[in-house]
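Engineer: All chains should be built: construct the whole structure from the sequences, respecting the hints.
From first to last, the protein sequence lines are chains W and R. Numbered as in numbering that gives the first Met the number 0, the first sequence ends at 200 without a single skipped number. Numbered as in numbering that gives the first Met the number 0, the second sequence ends at 155 without a single skipped number.
The set of hints was computed from the structure by calculation and includes no laboratory data. Quick caveat, the model's predicted, so the values are computed rather than measured. Built from N, CA and C at the ideal position, the CB exists for glycine as well. You can trust all of the hints, since none of them are fake.
Residues from chain R that keep clear of chain W, each with C-beta distances beyond 10 Å, as calculated:
1) His2
2) Leu104
3) Lys117
4) Gly138
SDA-like mimics (lysine to any residue), calculated; alpha carbons at most 20 Å apart, straight line:
5) W:Lys5 <-> R:Val134
6) W:Lys14 <-> R:Arg70
7) W:Lys12 <-> R:Pro76
8) W:Lys137 <-> W:Pro105
9) R:Lys117 <-> R:Leu106
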Amino acid sequence: MFEYEKTLQYPVKIKNPNPALAKFIISQYGGPDGEIAASMRYLSQRFSMPYADLKGLLTDIGTEELAHMEMIGAIVHQLTRCMTDEEIKKAGFDTYFVDHTAGVYPQAASGVPFTAAFIGVKGDTIADLTEDLAAEQKARVTYDNILRMVDDPDVIDPIRFLREREVVHFQRFGEALSRTTDRLNSRNFYAFNPSFDRPVK
Amino acid sequence: MDHDKLLCQMPECRPRSGADIGDLPQEAVIAMTYTPMQRQGSAKFEPGAALSRGTLYPGLELPLANNYNVRPVRMTPLGELQALHFSITELSLYLDTHCSDREALALLRAYQKAYREKREEYVKRFGPLSKQDVVCSDGYDWTDDPWPWELGRRDI
Chain W
0 MFEYEKTLQY
10 PVKIKNPNPA
20 LAKFIISQYG
30 GPDGEIAASM
40 RYLSQRFSMP
50 YADLKGLLTD
60 IGTEELAHME
70 MIGAIVHQLT
80 RCMTDEEIKK
90 AGFDTYFVDH
100 TAGVYPQAAS
110 GVPFTAAFIG
120 VKGDTIADLT
130 EDLAAEQKAR
140 VTYDNILRMV
150 DDPDVIDPIR
160 FLREREVVHF
170 QRFGEALSRT
180 TDRLNSRNFY
190 AFNPSFDRPV
200 K
Chain R
0 MDHDKLLCQM
10 PECRPRSGAD
20 IGDLPQEAVI
30 AMTYTPMQRQ
40 GSAKFEPGAA
50 LSRGTLYPGL
60 ELPLANNYNV
70 RPVRMTPLGE
80 LQALHFSITE
90 LSLYLDTHCS
100 DREALALLRA
110 YQKAYREKRE
120 EYVKRFGPLS
130 KQDVVCSDGY
140 DWTDDPWPWE
150 LGRRDI
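Structural biologist: This is the structure in structure tokens:
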């Protein structure tokens, strides 16, 4: 089960609202490589993971991603507070505003709403961990691209933190793949699916 | 961003060290992806620096454009708590794939102890962090503002 801890993982304190930034940062909330996709991917992949240590890793990273989703929500919320009609128009935030006002809705920067089609749960240990490696890289690039567009240090700090987490998670998923192949026969890693096939007694 | 300039301006204060080098399997067969295992005893940041940099491990800090400059997170009572909580999160991920690293396990215990003490102190001064902390002596304070995504009146 999950229980709420009433604090962010890393502080988000944005002094100057700026809806123009919120318009694309929302992608890391509900976009294809966003934090909702990350948490749903790992927390769902856990159920078919056969190895105890990696059930732990998927649980721990999936849970951390929920905290990241909250951080991105906080960033978007703080960037869009106290907006005037004029500011909304000038920032190009009008297209988001007509549908969601200043609410935080899970969508990509392009406006595509969050969909489970963004994630993969293949039910095969090697395939799922390989997906996770790619997912961390794609999220890292999205944060790179956000950092290229932002010059407010109050926004850069938490985005930089989140980007660094993608690098660490990539390392851990790579190690998880090694822990998986350690248990398989290197003559043929693909002889069976450890998530599905029962071990031969 | 100038690609060639960035390539030749790798910061000298951050040379790749032994701690950044991991171990690959001796018999790495083809048709598989390999990530080097992070070695035991890798260099570590203190909790405050770890939170500010986004990792406990200098060897894993790989910022865009080699920009290693960060504004340190202010070590307010909440900042200290977040730093310890983050260090525990980070060490746990490491231990998930390095369960036999006794030094990391000992560090985890030390951080857990420090976190428990700081958390108790924080809850007494500033109110509940989880439902388990809610003591109703002065009324029900779980729902009190500010919630974490809001800019608080007091910067705690």
